[in-house]
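Going down the list, the protein sequences come from chains D and G. Sequential numbering of the first sequence, starting at 1, is according to my numbering. Sequential numbering of the second sequence, starting at 1, is according to my numbering.
If you're looking for bench data, these hints aren't it; they were derived computationally from the structure. Being a predicted model, the structure only gives us computed values, none of them experimental. Backbone N, C-alpha and C define an ideal beta-carbon position, used for all residues, glycine too. Take the hints with a grain of salt, since some may be wrong.
[Stated by the list, open to error] Some chain D residues near chain G, calculated using beta-carbon distances under 8 Å:
#, residue
1, L14
2, E15
3, F18
4, F20
5, E36
6, I38
7, Y40
8, I47
9, K50
10, N66
11, D67
12, F115
13, E162
[To be verified] The list that follows gives simulated cross-link-like pairs (lysine to aspartate or glutamate, EDC-like), each with its CA atoms no further than 20 Å apart:
#, chain 1, residue 1, chain 2, residue 2
14, G, K77, D, E125
15, G, K8, D, D19
16, G, K9, D, E162
17, D, K57, D, D67
18, G, K10, D, D67
19, D, K12, G, D17
20, D, K174, D, E125
21, D, K57, D, E162
22, G, K77, D, E36
23, G, K4, G, E56
24, D, K168, D, D130
25, D, K65, D, E15
26, G, K10, D, E125
27, G, K20, D, E15
28, G, K79, D, D19
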Amino acid sequence: MKFKYEKTVLIKNLEKEFDFLSKSIEKINLPLGFSEFIFYVISELFINIKEHAQVNKGLIVLEIKNDKCFIKVRDQGIGLRQSYLKKKIVVKDDFSAIEFALSGLSTKSSQERGFGLYSIKKLVETLRGDLIITTGSAKVLVQENKINLQRLSQKFSGTMIEIKTPIKKLDFYKAII
Amino acid sequence: MKNKILIKKKYLIFREDARKLAQRIKKSSSEKISVDFSETIFMSRSFVDELLNQIEKQKKDIKFLSLNPSLARLIPKVKQTKDRIQKILSRS
Numbered sequence: 001m002k003f004k005y006e007k008t009v010l011i012k013n014l015e016k017e018f019d020f021l022s023k024s025i026e027k028i029n030l031p032l033g034f035s036e037f038i039f040y041v042i043s044e045l046f047i048n049i050k051e052h053a054q055v056n057k058g059l060i061v062l063e064i065k066n067d068k069c070f071i072k073v074r075d076q077g078i079g080l081r082q083s084y085l086k087k088k089i090v091v092k093d094d095f096s097a098i099e100f101a102l103s104g105l106s107t108k109s110s111q112e113r114g115f116g117l118y119s120i121k122k123l124v125e126t127l128r129g130d131l132i133i134t135t136g137s138a139k140v141l142v143q144e145n146k147i148n149l150q151r152l153s154q155k156f157s158g159t160m161i162e163i164k165t166p167i168k169k170l171d172f173y174k175a176i177i
Numbered sequence: 001m002k003n004k005i006l007i008k009k010k011y012l013i014f015r016e017d018a019r020k021l022a023q024r025i026k027k028s029s030s031e032k033i034s035v036d037f038s039e040t041i042f043m044s045r046s047f048v049d050e051l052l053n054q055i056e057k058q059k060k061d062i063k064f065l066s067l068n069p070s071l072a073r074l075i076p077k078v079k080q081t082k083d084r085i086q087k088i089l090s091r092s
């Protein structure tokens, strides 16, 4: 089981890339529910880029190797904290911005509540994987229900989400909140 | 008369797609609308969330047709979560 995909994708071309990825992943024969997880993650992260990052493209890395899956989605947009500030949600620093995003609290009104990163965190926890979020001067690792914070010496431009999980069967529709 | 809208997109990802679909439904003169998703293989959670928001605002009788098994499970799941949140918010 081996697959590697890395591409900077324009938001308007995401559907075309999904088509390509879908056909490629189909050949790998992933366990039940796992391809749903991959598409869920990439789509929600790209929605975040479109709605919050103020850029028109993002990098997607998807690597499947030795029963492990690595997903990275990165943009070079305004970063999490700025996106909250633009919506008049005051978060004191980049760590607070990440915590806010992981808590399931959204920049949207209650009717349009978004679950992007919160639901991804829940799925990654179900798979016993790692989730790393990097934005501004903060890097946060979510691993085994624990959150580790790291202050970066150099400011990171935009937002990067990295996910490492074992590849295994997943009752996807039970796992998503 | 019943009206049918066929969705030709295979991937429905962005909230904007849901808002466009809601506009099509709104513009239809019929009060009973069927939305045919037979050509759709993927919907993002955000698309579903937005579609449910938009549909709630309309007083039409809207039915989703030909959903693949994944989508048929996703839509009620998103609705369930939305209802739960609404309940919590109305209590607070």
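Minimum beta-carbon distance criterion (8 Å), L14 (chain D) to chain G: Hint on L14 (chain D): holds, closest Cβ of chain G at ~6 Å, below 8 Å.
Distance restraint between K77 (chain G) and E36 (chain D), which requires alpha-carbon spacing of 20 Å or less: holds (14 Å)
Restraint outcome when F115 (chain D) is required to lie within 8 Å of chain G by C-beta distance: holds (7 Å)
Pair hint K8 (chain G) and D19 (chain D), alpha-carbon separation not exceeding 20 Å: Roughly 14 Å separates the two Cα atoms, so the pair holds.
Restraint check for K57 (chain D) with E162 (chain D), where alpha carbons must lie at most 20 Å apart: holds (17 Å)
Hint validity - E15 (chain D) Cβ closer than 8 Å to any chain G Cβ: OK, holds: E15 (chain D) within 8 Å of chain G, min 4 Å.
Hint status (Cβ of F18 (chain D) to nearest Cβ of chain G, threshold 8 Å): Hint on F18 (chain D): holds, closest Cβ of chain G at ~5 Å, below 8 Å.
Holds or violated: K20 (chain G) to E15 (chain D), with C-alpha atoms at most 20 Å apart: holds (16 Å)
E36 (chain D) as an interface hint toward chain G, with CB separation required under 8 Å: Since chain G brings a Cβ to about 6 Å from E36 (chain D), closer than 8 Å, the hint holds.
Restraint outcome when D67 (chain D) is required to lie within 8 Å of chain G by C-beta distance: Result: violated, 23 Å to nearest chain G Cβ.
Hinted pair K9 (chain G) and E162 (chain D), Cα distance within 20 Å: Distance of about 29 Å is beyond 20 Å: violated.
Satisfaction of the I38 (chain D) interface hint, Cβ to chain G closer than 8 Å: Cβ of I38 (chain D) sits 11 Å from chain G, so the hint is violated.
Violated hints, in rising order: 4, 6, 10, 11, 13, 16, 17, 18, 25, 26 and 28; the structure is consistent with all others.
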